[in-house]
Amino acid sequence: MIRRNRTNVGWPRIVVITLVALTATVAPLPSWLELVRPDFVALTVLWFSLLSPRLTGLFHAWGAGLALDAFRGVLFGQHALTLIVIAYVAAKLRLQVRAFPPLQQTAVILALLWLNEFLLFWIDGVAGHPVTDWRRWLAVAAGAACWPLIAGLYARVAARH
Amino acid sequence: MTPHEPNSRPLLLGGPALGLRLIVLALMSTGLMVADHRQHHLASIRDWLSAAAYPFQWAVQAPLAAWTSASESLATRSRIEADNVRLAADNFVLRLKLMRFDSLVQENQRLRAAGESTARVVQRTLVAEIVRVDLDPFRQRVLVSKGTRAGVFRGQAALDANGVYGQVTRAGPVSAEVILISDPEHAIPVQVNRTGARTIALGTGRSGMLSLPYLPRNADVVTGDLLVSSGLGGVYPPGYPVGKVTAVVHDPDQPLLAIEAEPLAGLDRDPEILLVWFDNAVVEPEPEPESAPAPDATPDAPTDAPGELPAGAAANTPQPAPADPPAPTPPGER
Numbered sequence: 024m025i026r027r028n029r030t031n032v033g034w035p036r037i038v039v040i041t042l043v044a045l046t047a048t049v050a051p052l053p054s055w056l057e058l059v060r061p062d063f064v065a066l067t068v069l070w071f072s073l074l075s076p077r078l079t080g081l082f083h084a085w086g087a088g089l090a091l092d093a094f095r096g097v098l099f100g101q102h103a104l105t106l107i108v109i110a111y112v113a114a115k116l117r118l119q120v121r122a123f124p125p126l127q128q129t130a131v132i133l134a135l136l137w138l139n140e141f142l143l144f145w146i147d148g149v150a151g152h153p154v155t156d157w158r159r160w161l162a163v164a165a166g167a168a169c170w171p172l173i174a175g176l177y178a179r180v181a182a183r184h
Numbered sequence: 274m275t276p277h278e279p280n281s282r283p284l285l286l287g288g289p290a291l292g293l294r295l296i297v298l299a300l301m302s303t304g305l306m307v308a309d310h311r312q313h314h315l316a317s318i319r320d321w322l323s324a325a326a327y328p329f330q331w332a333v334q335a336p337l338a339a340w341t342s343a344s345e346s347l348a349t350r351s352r353i354e355a356d357n358v359r360l361a362a363d364n365f366v367l368r369l370k371l372m373r374f375d376s377l378v379q380e381n382q383r384l385r386a387a388g389e390s391t392a393r394v395v396q397r398t399l400v401a402e403i404v405r406v407d408l409d410p411f412r413q414r415v416l417v418s419k420g421t422r423a424g425v426f427r428g429q430a431a432l433d434a435n436g437v438y439g440q441v442t443r444a445g446p447v448s449a450e451v452i453l454i455s456d457p458e459h460a461i462p463v464q465v466n467r468t469g470a471r472t473i474a475l476g477t478g479r480s481g482m483l484s485l486p487y488l489p490r491n492a493d494v495v496t497g498d499l500l501v502s503s504g505l506g507g508v509y510p511p512g513y514p515v516g517k518v519t520a521v522v523h524d525p526d527q528p529l530l531a532i533e534a535e536p537l538a539g540l541d542r543d544p545e546i547l548l549v550w551f552d553n554a555v556v557e558p559e560p561e562p563e564s565a566p567a568p569d570a571t572p573d574a575p576t577d578a579p580g581e582l583p584a585g586a587a588a589n590t591p592q593p594a595p596a597d598p599p600a601p602t603p604p605g606e607r
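Protein chains in written order, with this note's numbering: chain C, 24 to 184; chain D, 274 to 607.
For each label pair, taking beta carbons as the anchor points, the in silico distance ranges come out as: (1) C:Trp-145 with D:Thr-349: 49 to 59 Å; (2) D:Ala-325 with C:Trp-145: 24 to 34 Å; (3) C:Ala-150 with D:Asn-357: 45 to 55 Å; (4) D:Asp-541 with C:Trp-145: 20 to 30 Å; (5) D:Asn-357 with C:Pro-53: 27 to 37 Å.
Hints in this document: simulated from the structure, not taken from any laboratory. Built from N, CA and C at the ideal position, the CB exists for glycine as well.
Build the full structure now, drawing on both the sequences and the hints.
Pasting the structure below:
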């Protein structure tokens, strides 16, 4: 769970963590596991947004989104757009969310990941190639389920208190 | 971007400055999406970006590739012997098929000369390894390890040992993205081999299934029919196996048949694919550089043994020229 605000995270560390998250989103997995692969980049963006908006100020979300678009070869700019939206909402809610008990915090993350996926779904539809498979929403639930783990891990590796 | 200290005054931030940034960045993202989707202005930038991403993508799958090659080199003697027996048997069968091949090629060329149509056959192939990264679980696309430096171009057809695999959608210098025939955005013109009826096979997003929604209810299609590429459109060489019909649904309320087919190419298990060059002069009499890369691509492209097939290797199925009237039925086949 994310709690603290007084942190000192340098850009190099943010970039390295984001690159690791990016590679984790395309790392080869068995196909059944692939369906429940959390969106690690979205989780990373959310974590840094909840930590401090001043730290990255949406540019991190935007850059990570563009990199994800380039990695996956999808419509250029779609992840960038969805990630800055959820990063903005997370930054606005950060003071409340950081005070939430774990379960409630996870519920907020679930809602934000759902928003991210819904915007992607919407953009796909507008662009003319909708993915209507219901299983795309599995990754949202998996991402929220991973949040306590990811947040705990990032609290150790990303932020020196 | 944010030159100030991150933890100096957290409570005073996130106000209008953040909202303004959101609007500006959102507008920029939307602009990028429109430019990418509508005008394809970003093609060269996309190629450059995919080239930048390729080292990471390669690094991601490197451990798995190393493990695979290590386990292959440690394969047991009995497995190698079993493979050897199987390959020898395969080789025997293929040799039998080849015996009549030369004479059939001759005959085919004579017949085509009589009909004044050019045979469109694969002239050159290039083996490209599939980079094992998962681009998107709901889109059927793969990354391959050959790019424009090896002569790969956008729209190039890809085959595997069993049938048509897909086509190149993006070609970077050392890598290319291939869309599979089973991708929901892909459609391939096909022909029912038994009757010659032409239609279009659409991808469904599942690697084991194609859908053929455009045949009328009275069309002669049965389960087990072989679908071959018809060559219309000029992307795929004609006469290559695409799939086998697995289900034909007659719904009395619908004017069209609902047909399902299974792709013959090993879409989700191939370690490597063949990128092919063929002479599509029938479709485009004036070959332009992009669609007919063979003349300038031939000298620098690798001509070493494993990727090469002799010209004329494709002529195993007689194909009518696209200008012919539809549904020609080969005599004696029905």
